[in-house]
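Go ahead and model the full structure; you've got the sequences and the hints to work with.
Heads up: the sequence shown begins at 1 in our numbering, then just goes up one per residue.
Wrong hints could be hidden among the right ones.
[Unchecked claim] As a list, the in silico DMTMM-like pairs of lysine to aspartate or glutamate whose alpha-carbon atoms are at most 25 Å apart:
#, residue 1, residue 2
1, K415, D383
2, K215, E446
3, K308, D121
4, K253, E418
5, K159, D121
6, K195, D379
7, K76, E60
[As the list claims (entries may be wrong)] Pairwise CB distance ranges (calculated):
#, residue 1, residue 2, range
8, V59, G260, 47 to 57 Å
9, E209, K145, 14 to 24 Å
10, K62, Y398, 48 to 58 Å
11, Y398, P58, 49 to 59 Å
12, N2, K422, 40 to 50 Å
13, K125, K422, 54 to 64 Å
14, N397, A297, 20 to 30 Å
15, K145, Q92, 22 to 32 Å
16, E237, L103, 27 to 37 Å
17, K145, S234, 26 to 36 Å
18, P69, N175, 23 to 33 Å
19, N397, P69, 50 to 60 Å
No wet-lab data here; the hints were simulated from the structure. Just so we're clear, the structure is a prediction, and the values are computed from it rather than from any experiment. Glycine included, each C-beta is placed from N, C-alpha and C at the ideal position.
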Amino acid sequence: MNIVFIAPECFPFAKAGSIADLVSKLSKEIEKFGHNVKVFIPRYGSIDPVISHIERVPVEFKVKANESPIITSVFKGIIPDSLVSVFFIESQNYFSNSKEIYLPQVQHEERFKFFCTAVLDVIAKLKMEVDIFHLFSSCTTYTAKLLRSRNIEYAYLNKTAIVFTICESSDLNKNTLTNTCHGINNSDYITTVSKTYAYELLSDGRLSESLLQKKDLFCGILSGIDENIYNPESDGEIAQAYSKNYFSSGKRKCKEDLLGLVGLHTDMQIPLFGIELTMDEYNNKAEMLFNFLHEIACLNLQIVLFGKVSSKFENELIKAIDKYKNIKAIFNHEPIKKFYAGTDFFINLNKYEPSGTSVLTAMKYGSVPVAYATGGIKDIVIDVELGEEANGIIFKNYSVEDLIDTIGKAIKLYKNKERWTKLVKQTMSFNLAELATAKKYLTCYERIVNHVHANLYQ
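This is how it looks when you write it as structure tokens:
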């Protein structure tokens, strides 16, 4: 099959969240099954052609946007360690003039409408064969709307199947909600990134009507992680490699390294908690985070905040944590593996968690998850109170009080070295191979291609 992924981000070229990892991992795995996969993303100002090893396609395109033709360039590269081609849509008006993947809503809507139009124009001009369009995130659903409009320019793509993966959390703004509904209504098959999140979406009054009409063409598939990239046994970016069977020395060395990097006290008896920050943090859980940090700072623990956020939120966080000696922050993604490998616990503050990808990655590196029971977390984390198979610690009420109680439980566990060692090993033992993510998507693809072709020739 000829499959085209259309997405706002793809690792290692552009990453703001778990979409980038899913697009990269899934495209490589499907390509290994013998299918032809192409990925389209914007060329943001942060993507340097030299560093990323991408080259300009020697064809100039004029894409109609707001009734005016926009001169558009296309770059082409390959996802490392694969045969997957990546096409980058470049426009000074919309993408290459900004390093940010997601902008304020009005600009965001306009630039991704242009992107979706440009992708179809490029595909049509280069006469690419496409059996399936796979759209990731609501910002790419305008593609489906264009294809279903029966525009003469894309007539040869009328027989193409459309799969749409809902990646956003349930905390949707009005425009995102509208675009998600367009994606559902105009696609042949809909997926999301975990089974539990699929159930949650079906009961969400804002989306349930559209999804229930296609409930036989909707499923949740847990994303997993790319173990070729995230693997402490072979990772050259961390202070010392380690495995689930022999991790004590390696984890200790990695913790020392991270503490030194961020400037925290190097007392190894104090548990180190990590909190990953994302670009949507300010809207999603800022109040919870600030209240939690204020209440927790007096405990015998240390905290590393890690990730890329808006400049406004970064400044507010710096002010908030400046008075606490046991809380530090790194506002970029570069030492991400050091963060996972060096922390004892990974706190997931998300009230809505579609995939749990960050939690899975932390678990791979032996950072025990402390998470609210929602979405993909329910498919991944088994609470310590549930016996031998436990691999994390769950809090069931989304409140600062419940989270602090759970942190107290975590600290107590950390002091019990026998229980702690067993829990870390169990955390690292999550069987990613059983997820069979690519095989499940291929089953969806084959089903929907047959369905679309059958309807065409009735």
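Hint numbers contradicted by this structure: 3, 17
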